[in-house]
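Protein chains: 2
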Amino acid sequence: MTRFNTYLVNGSFDQAISPLDRGFAYGDGVFRTMVMRNSLPDNWPQHYQKLVADCAVIGIVCPSAELLMSDLQQLFAIDEIAVAKIVITRGEGARGYAPPAITTPTRAVIKSPMPQYSMNHLVNGVNLHVCNIQMAHQPKLAGIKHLNRLENIMARMEWHEDNIFDGILLDQQDSVIECTMSNIFARFNHTLITPDLRFCGVAGITRQRIIGLAAMLKLNIEVKKISLDALLQADEILICNSLYGAFQVSKIGDATLPQHGLAKTIRSALNV
Amino acid sequence: MTRFNTYLVNGSFDQAISPLDRGFAYGDGVFRTMVMRNSLPDNWPQHYQKLVADCAVIGIVCPSAELLMSDLQQLFAIDEIAVAKIVITRGEGARGYAPPAITTPTRAVIKSPMPQYSMNHLVNGVNLHVCNIQMAHQPKLAGIKHLNRLENIMARMEWHEDNIFDGILLDQQDSVIECTMSNIFARFNHTLITPDLRFCGVAGITRQRIIGLAAMLKLNIEVKKISLDALLQADEILICNSLYGAFQVSKIGDATLPQHGLAKTIRSALNV
Numbered sequence: 064m065t066r067f068n069t070y071l072v073n074g075s076f077d078q079a080i081s082p083l084d085r086g087f088a089y090g091d092g093v094f095r096t097m098v099m100r101n102s103l104p105d106n107w108p109q110h111y112q113k114l115v116a117d118c119a120v121i122g123i124v125c126p127s128a129e130l131l132m133s134d135l136q137q138l139f140a141i142d143e144i145a146v147a148k149i150v151i152t153r154g155e156g157a158r159g160y161a162p163p164a165i166t167t168p169t170r171a172v173i174k175s176p177m178p179q180y181s182m183n184h185l186v187n188g189v190n191l192h193v194c195n196i197q198m199a200h201q202p203k204l205a206g207i208k209h210l211n212r213l214e215n216i217m218a219r220m221e222w223h224e225d226n227i228f229d230g231i232l233l234d235q236q237d238s239v240i241e242c243t244m245s246n247i248f249a250r251f252n253h254t255l256i257t258p259d260l261r262f263c264g265v266a267g268i269t270r271q272r273i274i275g276l277a278a279m280l281k282l283n284i285e286v287k288k289i290s291l292d293a294l295l296q297a298d299e300i301l302i303c304n305s306l307y308g309a310f311q312v313s314k315i316g317d318a319t320l321p322q323h324g325l326a327k328t329i330r331s332a333l334n335v
Numbered sequence: 064m065t066r067f068n069t070y071l072v073n074g075s076f077d078q079a080i081s082p083l084d085r086g087f088a089y090g091d092g093v094f095r096t097m098v099m100r101n102s103l104p105d106n107w108p109q110h111y112q113k114l115v116a117d118c119a120v121i122g123i124v125c126p127s128a129e130l131l132m133s134d135l136q137q138l139f140a141i142d143e144i145a146v147a148k149i150v151i152t153r154g155e156g157a158r159g160y161a162p163p164a165i166t167t168p169t170r171a172v173i174k175s176p177m178p179q180y181s182m183n184h185l186v187n188g189v190n191l192h193v194c195n196i197q198m199a200h201q202p203k204l205a206g207i208k209h210l211n212r213l214e215n216i217m218a219r220m221e222w223h224e225d226n227i228f229d230g231i232l233l234d235q236q237d238s239v240i241e242c243t244m245s246n247i248f249a250r251f252n253h254t255l256i257t258p259d260l261r262f263c264g265v266a267g268i269t270r271q272r273i274i275g276l277a278a279m280l281k282l283n284i285e286v287k288k289i290s291l292d293a294l295l296q297a298d299e300i301l302i303c304n305s306l307y308g309a310f311q312v313s314k315i316g317d318a319t320l321p322q323h324g325l326a327k328t329i330r331s332a333l334n335v
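From first to last, the protein sequence lines are chains R and L.
In our numbering, each residue's number is its place in the first sequence (first place is 1) plus 63.
In our numbering, each residue's number is its place in the second sequence (first place is 1) plus 63.
Keep in mind that the hints were calculated from the coordinates and are not lab data.
Treat the hints loosely; a few may be bogus.
Note that the list lumps identical chains together, so a pair holds whenever it fits in one copy or between two copies.
As the list claims (entries may be wrong) - Here are the simulated EDC-like pairs of lysine to aspartate or glutamate, each with C-alpha atoms no more than 20 Å apart in a straight line:
1) Lys203 to Glu221
2) Lys314 to Glu221
3) Lys208 to Asp234
4) Lys203 to Asp234
5) Lys287 to Asp259
6) Lys203 to Asp259
7) Lys208 to Asp259
8) Lys288 to Asp298
9) Lys327 to Glu299
Just chain R, with the same shape it has in the complex:
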């Protein structure tokens, strides 16, 4: 029965979001997106840890893992592979930016179909648009996956071509940060470089997992500032997120990139 519903709000199939919810009013909350298989989320410990950490940055106490897991298991059937999105907001409040003294966070769990990735992405890699919008530095919010995503939307509105998979985002100093829905890695010889996200960007859990796997793959890791020109000199480039795992990048704008199977190796190490 549950498989016909698309969402649960605070554990109920009958609730929606109040316009007084601070998530709606101000984007005052955080979210996660993950793959569900057999009614279980892939990499749940990492997702839940990140959710708790992101909530803490903006002063929200994250609902318990038990509560969220119970929501997920009500919404997702044992025989389906689908996408779960968990949104946690600060809850309802009176008008004004000051959070209420006592708040009850709102939790929404939403089901979406698993995207159908083209076989072509696995075999030949993906093309990236170079976005015109440049990301703003805000060290107090950098790294977390909060609900203030207008920059990503403005970036995503820049292209309509079906053969572009994602857009690469630079900051206002022309350093590469990430893609609109992905993190990015570049291999130079035996070193994997991924951009420093202390000033902007979302530090996703697949990025974190790849950083953790590098030693096993005999690769050094450097988290640092890198320009687009420097990135384009890489031996190969991949992008990653929790849904597709990792894809080789075949083109960035007009530049065609070398490919040596890094994404395939990483996918295998990630077990996707």
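Starting from the known structure of chain R, fit chain L onto it as the hints suggest.
Showing chain L alone in chain R's frame:
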């Protein structure tokens, strides 16, 4: 009857916001806050014009003035003075940053009590905290009152003292931008200076009205970059928004400021 309801969503007292609404998912929308008297919003032409303009920046077609006015008149009784907030979002959409090809904007109209401003604010002026968080530059979103307001929330969480009315926000170049819920003007002799908002901040309609009234008050207007140190040398300072009109600033952090009745003159010119 209607006065017992707090909000209307898409013209209905029975609706709420879907978790699939892009306003909730990404802060993909804009809003306005205004005073209602006799079932009519103060300065409606300016508010509606700003709503249309802000929507256009992010590619939303604003619902008609007639539709919004009809919502307001359903929600607000003739004999009450209260605050109306209008939220316009891009509407519902599937997961992902790309806006759907066809969208129907969501409109929420919310009633809140009119804040009870202290007589002390009118007589002695208000104190401002100097916020630690520094605003990020994003020229593609600057000036508009969008739903991505985590910076304002983080700023507002910095103080708890009842005798602080608002917090002054600087950008990362240490220029003064605005306050968390107000714009700011400083008078130097016969010139009113207000910060340039091309890189961050919200260009409110009361700020725009004051700029328009300056000539009548025999004041020059300069919209420019100004540091906090330079601001503190002003002959007097005021802050403004659509609810309280204008208040004289008596203190910024530890600095006590001169007062010569500018806010009173401006309130009178604004007709508040």
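Each hint tested on the structure:
no., hint, result
1, Lys203 to Glu221, "between (27 Å within a copy, 13 Å between copies)"
2, Lys314 to Glu221, "within (17 Å within a copy, 45 Å between copies)"
3, Lys208 to Asp234, "within (17 Å within a copy, 22 Å between copies)"
4, Lys203 to Asp234, "both (16 Å within a copy, 13 Å between copies)"
5, Lys287 to Asp259, "within (5 Å within a copy, 33 Å between copies)"
6, Lys203 to Asp259, "within (15 Å within a copy, 23 Å between copies)"
7, Lys208 to Asp259, "within (16 Å within a copy, 30 Å between copies)"
8, Lys288 to Asp298, "within (18 Å within a copy, 44 Å between copies)"
9, Lys327 to Glu299, "within (12 Å within a copy, 65 Å between copies)"
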